[in-house]
Amino acid sequence: MSTLTIPSPQDLVAPAQRGERESMVLNMGPHHPSTHGVLRLVVDLDGETVVDVAPDVGFLHTGIEKTMESKTYQKAVVLTDRMDYLAPLSNNLSYVLAVEKLLECEIPERAQTARVLLTELTRIGSHLVWLGTHALDLAAMSVFLYAFREREQILDIFELVSGARMMTSYFRVGGLAYDLPADFSPTVQLFLDGFGRNIDEYEDLLTNNPLWLERTVGVGAITADNAIALGLTGANMRAAGVSYDMRKMVPYIGYETYDFEVPVGKNGDIYDRYLVRIAEMRQSRKIAYQALERLQHMPSGDYVTHDRKIAPPPKHEITHSMESLIHHFKLWTEGFKPPIGDAYSAIESPRGIHGTYIVSDGSPKPYRVHFRAPSFINLQALPHMARGRYLADLVALIASMDPVLGEVDR
Amino acid sequence: MDNQTVLVQIQAAFPATITEIDERHGDLKLRISRESLLAVMQWLRDHAELQYTFLESVTGVDYLGRDPRFEVVYHLFSFRHFHRLCLKVGAPEADPVVPSLTGLFPTANWQEREAYDLLGIEFSDHPALQRILMPDDWIGHPLRKDVPLGYEEVAFTFNQDRIYAHKPFAKE
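As you go down the protein sequences, you meet chains C and S in turn.
Numbering of the first sequence is given in my numbering, commencing with residue 1 and proceeding in unit increments.
Numbering of the second sequence is given in my numbering, commencing with residue 1 and proceeding in unit increments.
In case anyone wonders, no lab produced these hints; they're calculated from the structure.
Only a predicted model underlies this, so the values are computations on that prediction, with no experimental measurement involved.
Virtual Cβ for every residue (Gly too), placed ideally from N, Cα, C.
Any given hint could turn out to be false.
Here are a few chain C residues that face chain S, going by a calculated C-beta distance under 10 Å [claimed, not checked]: (1) Lys-101; (2) Glu-109; (3) Thr-233; (4) Arg-368.
Derived lysine-lysine pairs resembling DSS-like cross-links, with alpha carbons at most 27 Å apart [as the list claims (entries may be wrong)]: (5) C/Lys-315 / S/Lys-167; (6) C/Lys-66 / S/Lys-167; (7) C/Lys-66 / C/Lys-286.
Which stretches of chain C does chain S cover? Using the computed rule of at least three CB atoms under 8 Å from a CB of chain S, they are [as the list claims (entries may be wrong)]: (8) 286-295; (9) 300-308; (10) 372-383.
Make a model of the complete structure from these sequences and hints.
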C-alpha cells in the first residue's frame with residue numbers, strides 16, 4: 001500500500017533544503033510546455049531516474065463551485081464549459097443531468113439523441129487533442145498536425161449548432177439551447193465518412209512505429225487493483241484491464257439502446273492507453289452514426305422539454321398567451337426552483353467518470369455544486385506510475401493521462 | 001442489485017448506525033454516525049458479495065445554521081453490481097473532524113484535502129492535510145456559507161502598497 005502514497009511538494013523540498021538527500025530536487029512547471037497547462041511537479045531525481053514526484057495543483061483555481069452558488073441553475077451551465085475546456089459538452093451534460101434528476105423532468109427523444117451524438121463528437125475531439133499533444137511530446141510532430149486538422153471539423157460542427165467553437169453551453173436543463181440547424185446532418189455525415197480513414201492514418205504513423213513503441217510499451221504500467229484504489233478512471237483504467245464504462249454500467253441518455261463495445265487493454269502502460277483511446281474513437285464514430293440515423297427520422301423542433309416551468313415557451317406563444325408570457329417572465333427573472341434535496345449523476349467523459357453532486361434548498365440557485373473532476377483524481381496516480389522511471393518518461397506519462405488543468409483546479 | 005438488497009444487508013450488519021434513509025431519484029443515500037464510518041466503509045469494501053471497492057467521490061457541504069453544520073458525502077461504486085451507494089456523515093461546527101479514509105481508499109487523499117481546503121472540514125489521520133487548491137497562505141475556507149462571494153482588487157505597481165496593507169501576510 002505504501003507505493004500508493006501521494007507526497008506533497010513540501011515532503012520533497014524540505015529534506016533537500018536541509019541537505020539530507022544526495023538526490024536532486026527539480027522543479028518542473030508551473031509553466032512548462034509538456035505539463036499541458038499550469039501544473040507544477042516537484043521531482044526528486046537520482047541521476048535521470050525519478051525517485052519520487054509530487055504534483056502541485058491549484059494554479060488555475062477559479063472558484064467555479066462557489067460562483068455557481070450565486071447563479072441560477074440555467075446560468076450556471078455556462079461555467080461548466082470552463083472546467084474541461086477540451087470537452088465542454090461532456091461537462092454540460094454531467095451538470096444538466098444532475099439538475100434534471102432533481103427536477104425529475106422528461107426530455108424529448110430528439111434532445112437525448114442529439115446529446116449522444118454531440119458528446120461522442122466531443123469525445124473524438126478531446127481524444128484528438130490528446131493524441132496530437134501526446135505524439136508531439138514524444139517528438140512525432142506530424143501527428144499533431146493531422147489530429148488538429150480533424151478536430152477543426154468537429155469544432156466547426158459545434159460552431160454550427162451553438163455559435164461557439166469551444167464554450168458551447170449547448171445542453172441546457174430540459175434539453176438543448178436551440179434546435180439543430182438544417183445542414184447539421186450532412187456536415188456530420190461528411191465528417192464521419194472521412195474520419196474512419198483518418199484514424200487509419202494516425203495508426204499508420206504510430207501503432208507499429210519503433211520509436212513510439214520504445215517510448216510507450218511497458219512504461220508507467222499500473223495494475224487493475226491499484227487503478228481502482230487510486231480512483232483512476234477513463235481510458236487509463238480500461239487500459240489496466242478493468243472493463244468498465246459508465247455508458248454501459250449505469251446508462252444515461254439512452255446509451256443502452258446503442259450498439260458499441262468498450263475497448264479494454266491488458267498491461268495498463270502508455271501503449272495500452274494509446275490503443276484504448278484509438279479504439280474508443282472508432283466506437284464513438286459507430287455510436288455517432290447510429291445517433292445520426294435516428295435523428296433523421298425524428299421531427300425537428302422537439303428539442304426541449306414541454307414543461308413550461310423549466311423551459312421557456314416558444315416565441316410565437318408569448319405574443320398570444322398570457323400564461324406563456326408569465327412563464328417566460330418568471331423563468332428569466334427568477335429561474336425555476338427544484339425541490340429540496342440532493343442528487344448525484346455521473347457520466348463517462350473523455351477523461352473518466354465526471355460526476356456532479358448538487359444540493360438544492362428550494363431556491364432558484366444551487367445551494368452547493370460539487371464536481372468529481374476526473375483529471376483531478378487521475379493525477380493522484382502520477383507518483384505511483386512515475387517512480388523508478390526516467391525523467392523523459394514522466395513527460396510521456398503526463399501526456400498519456402490526458403489531464404486538463406482547467407478541470408483539475410476548477 | 002437493487003437498493004433494498006443492499007440496505008437489508010447493511011442494516012443486518014450495522015443495526016444501530018443508519019440514522020436516515022433516502023431513496024429519492026432511485027439512489028440509495030444513507031446517513032450514518034461519524035464513529036462508525038471507518039467500520040462501515042471497510043465492511044462495504046471487503047464484503048465478498050457487495051464489493052464497493054471504488055470510492056467515487058468525497059465532498060462536503062456546509063449547512064450553515066443547521067446542526068451538525070457540516071456534512072461529508074461519500075459515493076461508493078461497486079464494479080461487480082454496477083451499483084452506487086451514497087453515505088453521509090455529519091460533523092458539528094465546534095468539532096468538524098471526520099476520520100480519514102486514506103487508509104482504506106488511497107483516492108480519498110486529494111479529495112479530502114480539497115474538502116479541508118475549501119470547507120475547513122478536518123480529516124483525522126490524513127497523511128498530509130494541507131491546502132490543495134487555494135494558496136498556502138490563504139486565510140479561511142472559501143466554500144463556507146459565511147464567506148461572502150467577494151472580489152479581490154488586482155494589485156498593480158501604483159496601488160499595491162494600499163492593497164497589501166490589508167493583507168495578513170504583509171504584516172509578518
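Here is how each hint holds up against the structure:
The restraint placing C/Lys-101 at the interface with chain S holds, with a minimum CB-CB distance near 5 Å, inside the 10 Å limit. Restraint check, C/Glu-109 versus chain S: the minimum CB separation of about 21 Å is more than 10 Å; hint violated. Because the smallest distance between the Cβ of C/Thr-233 and any Cβ of chain S comes to about 9 Å, under 10 Å, the interface hint for this residue holds. Hint status for C/Arg-368: holds, given a least beta-carbon distance of 5 Å to chain S, under 10 Å.
Between C/Lys-315 and S/Lys-167, the direct Cα distance comes to roughly 51 Å. Violation of the 27 Å bound is thereby established for this hinted pair. Distance hint between C/Lys-66 and S/Lys-167 is fulfilled; the C-alpha atoms sit about 22 Å from each other, no more than 27 Å. Note on C/Lys-66 and C/Lys-286: the hinted pairing is violated, with a Cα-Cα distance of about 38 Å set against a maximum of 27 Å. Remark: the segment 286-295 of chain C is not confirmed as covered by chain S, as 0 of its residues place a Cβ nearer than 8 Å to a Cβ of that chain, below the required three.
For the segment 300-308 of chain C, the assignment as covered by chain S is violated, since 0 residues bring a beta-carbon within under 8 Å of that chain's beta-carbons and 3 are needed. Coverage of a stretch by a chain is defined here by at least three residues with a beta carbon nearer than 8 Å to that chain's beta carbons; for the segment 372-383 of chain C and chain S the count is 5, and the condition holds.
Of the hints listed earlier, those the structure fails to meet are numbers 2, 5, 7, 8 and 9, in rising order.
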